[in-house]
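Those sequence lines, one after another, are chains A and B. Residues 43 to 241, numbered by my numbering, are exactly what the first sequence covers, in order. Residues 4 to 128, numbered by my numbering, are exactly what the second sequence covers, in order.
These aren't lab readings, by the way, just hints derived from the structure by calculation. Glycine included, every Cβ here is placed at the ideal spot set by N, Cα and C.
To give an idea of the chain B side of the interface with chain A (calculated C-beta under 8 Å), a few residues:
no.	residue
1	12
2	17
3	19
4	20
5	21
6	24
7	30
8	36
9	38
10	43
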Amino acid sequence: MIDDASDASLLGRAAAGDAGGFDLLVGRWKNRLFRLALRFFRRPEDAEEIVQEVFLKVYRMAATYRSDAPFEHWLLRIASNTCVDRLRERRRRREDVLADITPDAGAWLDAALAGASQEARQAEAARALASELLDSLPPKDRMVLVLMDLEGLSARDVAAATGSTRAAVKVRALRARRSLRRLAEAVPTAREGTGGGRG
Amino acid sequence: MRLRGWTTGRRAAQLLRLGSDRDETASPRPGFEARLRARVESGGAGRPVPTWNEGFESLVRPALALAASLALACAGLYVQGTTQPGEADLASLAEVDSVFDSLLAADPGALFDDPGSVAEPPERP
Numbered sequence: 043m044i045d046d047a048s049d050a051s052l053l054g055r056a057a058a059g060d061a062g063g064f065d066l067l068v069g070r071w072k073n074r075l076f077r078l079a080l081r082f083f084r085r086p087e088d089a090e091e092i093v094q095e096v097f098l099k100v101y102r103m104a105a106t107y108r109s110d111a112p113f114e115h116w117l118l119r120i121a122s123n124t125c126v127d128r129l130r131e132r133r134r135r136r137e138d139v140l141a142d143i144t145p146d147a148g149a150w151l152d153a154a155l156a157g158a159s160q161e162a163r164q165a166e167a168a169r170a171l172a173s174e175l176l177d178s179l180p181p182k183d184r185m186v187l188v189l190m191d192l193e194g195l196s197a198r199d200v201a202a203a204t205g206s207t208r209a210a211v212k213v214r215a216l217r218a219r220r221s222l223r224r225l226a227e228a229v230p231t232a233r234e235g236t237g238g239g240r241g
Numbered sequence: 004m005r006l007r008g009w010t011t012g013r014r015a016a017q018l019l020r021l022g023s024d025r026d027e028t029a030s031p032r033p034g035f036e037a038r039l040r041a042r043v044e045s046g047g048a049g050r051p052v053p054t055w056n057e058g059f060e061s062l063v064r065p066a067l068a069l070a071a072s073l074a075l076a077c078a079g080l081y082v083q084g085t086t087q088p089g090e091a092d093l094a095s096l097a098e099v100d101s102v103f104d105s106l107l108a109a110d111p112g113a114l115f116d117d118p119g120s121v122a123e124p125p126e127r128p
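Could you build all of it, start to finish, from the sequences and the hints given here?
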């Protein structure tokens, strides 16, 4: 059965110009990559654009893959680099994001952070605002946080996926969590109102 | 104090979760593969790195380096073999030098003469 072929062998076929091998690889990994991209890019069109870019790179670099490393790590490294590059392009200063928070959105976000139930529209606005706030984090920090805390990857896996060392990943995760706490502290609470720019 | 830190940590974790929220069953729109294939075929992926490139790296490149070394060595041998002792080499310059001549003639006093008053050496045949 051709679909049982390993990722590495499919990639080898793709490198040799076999479009079928590449299609199988795309079918196998597109959802996983799409859901990862959605962590950073809320609009499905943006996430899909990222995934397409990742697969274009995979196609172009297929012959450079060395089978001594797991294919998943290789693919994840391409995906994380692509996401980080795109996040860098759209990164905003934290002060600017905070200054743009409207009183309503601030209150909804505060309620969401406190775990209160909300209407769908308010919950969506809170999610959008939270995503904008996360955009102000250094992209690599955000990547490490998402991979470790949300995707459940170990420091070793994150190191392999980001081309770093395990120690460096742990240090970055520590620093990123500190930045995230500062960001959470800067979000105005309902008691304070939404003056923005605090912290 | 500890409670405040715990609250902040919980808010931070919630902020990360909220801002990174996604549908666990999400997938690209239908036709994703076709759109991707169109981009690949239109050259959007650039040219794939061909596998023969590895052969080039391991075989052709050393062969070219060896050929270049041989060419240089041959050129050096050719130049050495065709060089004739002529008037332009250092030996012939020394032979018409007045100081050198005085030393050959065992007349070191000429070394201390005024250079302007030193007689021109006789023309060699």
